[in-house]
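In the working numbering, the protein residues as written are 4 to 151.
None of these hints come from the bench; they were simulated from the model.
C-beta atoms are modelled at their ideal positions from N, C-alpha and C, and glycine is treated no differently.
It is possible that part of the hints are untrue.
Unchecked claim - No farther apart than 25 angstroms at their CA atoms in a straight line, the calculated lysine-lysine pairs in the DSS-like style are these: (1) Lys15 / Lys60; (2) Lys114 / Lys95; (3) Lys95 / Lys85; (4) Lys114 / Lys5; (5) Lys27 / Lys15; (6) Lys112 / Lys127; (7) Lys95 / Lys27; (8) Lys127 / Lys85; (9) Lys60 / Lys5; (10) Lys60 / Lys85; (11) Lys15 / Lys5; (12) Lys95 / Lys15; (13) Lys85 / Lys114; (14) Lys5 / Lys95; (15) Lys95 / Lys112; (16) Lys127 / Lys95; (17) Lys127 / Lys15.
Claimed, not checked - Distance ranges between label pairs, derived from CB positions: (18) Arg117 / Pro31: 38 to 44 angstroms; (19) Gly53 / Glu108: 23 to 29 angstroms; (20) Gly51 / Lys85: 20 to 26 angstroms; (21) Glu130 / Pro67: 19 to 25 angstroms; (22) Thr129 / Glu107: 15 to 21 angstroms; (23) Pro67 / Gln142: 27 to 33 angstroms; (24) Gly29 / Val96: 20 to 26 angstroms.
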Amino acid sequence: MKLLIDADACPKPALQICVRLGQKYGLPVWTVASFNHNIVSDHHVTVGGGAQEADIKIINLTEPGDIIVTQDWGLASMVLGKPAYCISPAGKVYSVDNIEFLLEERELKAKFRRGGGRTSGPRKRTEQDDQRFAAAIEQMMISARQRN
Numbered sequence: 004m005k006l007l008i009d010a011d012a013c014p015k016p017a018l019q020i021c022v023r024l025g026q027k028y029g030l031p032v033w034t035v036a037s038f039n040h041n042i043v044s045d046h047h048v049t050v051g052g053g054a055q056e057a058d059i060k061i062i063n064l065t066e067p068g069d070i071i072v073t074q075d076w077g078l079a080s081m082v083l084g085k086p087a088y089c090i091s092p093a094g095k096v097y098s099v100d101n102i103e104f105l106l107e108e109r110e111l112k113a114k115f116r117r118g119g120g121r122t123s124g125p126r127k128r129t130e131q132d133d134q135r136f137a138a139a140i141e142q143m144m145i146s147a148r149q150r151n
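Given only the sequences and the hints, what does the whole structure look like? Please build it.
Written as structure tokens, this is what we have:
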């Protein structure tokens, strides 16, 4: 079991939490990002800057029981089928029960934007977000370890 992080869009505090908890639970922490990002990690994979390259690499590296950290709902849906665990840097746990709804929501928002509509962007990250993420991913690590 390993922790794979979609580091292209992962906030630095969430990445630090992953490294700390990975050490605590003896999990290797892998980061995957395009060459446009400067990430220091024992297990870092750099991919080209092409569309979806990091996502494809993460999918290829994912094995059953791994934990994936991503904000990308499309990537989340793919790794859930491995089957792997998946969580956002905000602490939202992706599951087979909620991913279809999230993908439909993404499509509706994209359609709205293509029609000239505007949707709000993400709000500023808070310390509560860090605490929520840390608690959720630690619980996920404990659960995953018990199942494997």
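Here is how each hint holds up against the structure:
1. Lys15 / Lys60: holds (21 angstroms)
2. Lys114 / Lys95: holds (24 angstroms)
3. Lys95 / Lys85: Given pair Lys95, Lys85 holds - Cα atoms ~19 angstroms apart, limit 25 angstroms.
4. Lys114 / Lys5: violated (36 angstroms)
5. Lys27 / Lys15: holds (18 angstroms)
6. Lys112 / Lys127: With Cα atoms ~20 angstroms apart, Lys112 and Lys127 stay inside 25 angstroms; holds.
7. Lys95 / Lys27: Judged against 25 angstroms, a Cα distance of about 21 angstroms means the pair holds.
8. Lys127 / Lys85: violated (32 angstroms)
9. Lys60 / Lys5: Judged against 25 angstroms, a Cα distance of about 15 angstroms means the pair holds.
10. Lys60 / Lys85: The hint holds at about 14 angstroms.
11. Lys15 / Lys5: Within the cut-off at roughly 19 angstroms; holds.
12. Lys95 / Lys15: Roughly 17 angstroms separates the two Cα atoms, so the pair holds.
13. Lys85 / Lys114: Judged against 25 angstroms, a Cα distance of about 29 angstroms means the pair is violated.
14. Lys5 / Lys95: holds (19 angstroms)
15. Lys95 / Lys112: holds (19 angstroms)
16. Lys127 / Lys95: holds (16 angstroms)
17. Lys127 / Lys15: holds (13 angstroms)
18. Arg117 / Pro31: 38 to 44 angstroms: Distance hint for Arg117, Pro31 holds at roughly 41 angstroms.
19. Gly53 / Glu108: 23 to 29 angstroms: holds (26 angstroms)
20. Gly51 / Lys85: 20 to 26 angstroms: holds (23 angstroms)
21. Glu130 / Pro67: 19 to 25 angstroms: violated (34 angstroms)
22. Thr129 / Glu107: 15 to 21 angstroms: violated (28 angstroms)
23. Pro67 / Gln142: 27 to 33 angstroms: violated (19 angstroms)
24. Gly29 / Val96: 20 to 26 angstroms: holds (22 angstroms)
In the structure shown, a violation is registered for the earlier hints numbered 4, 8, 13, 21, 22 and 23, in ascending order.
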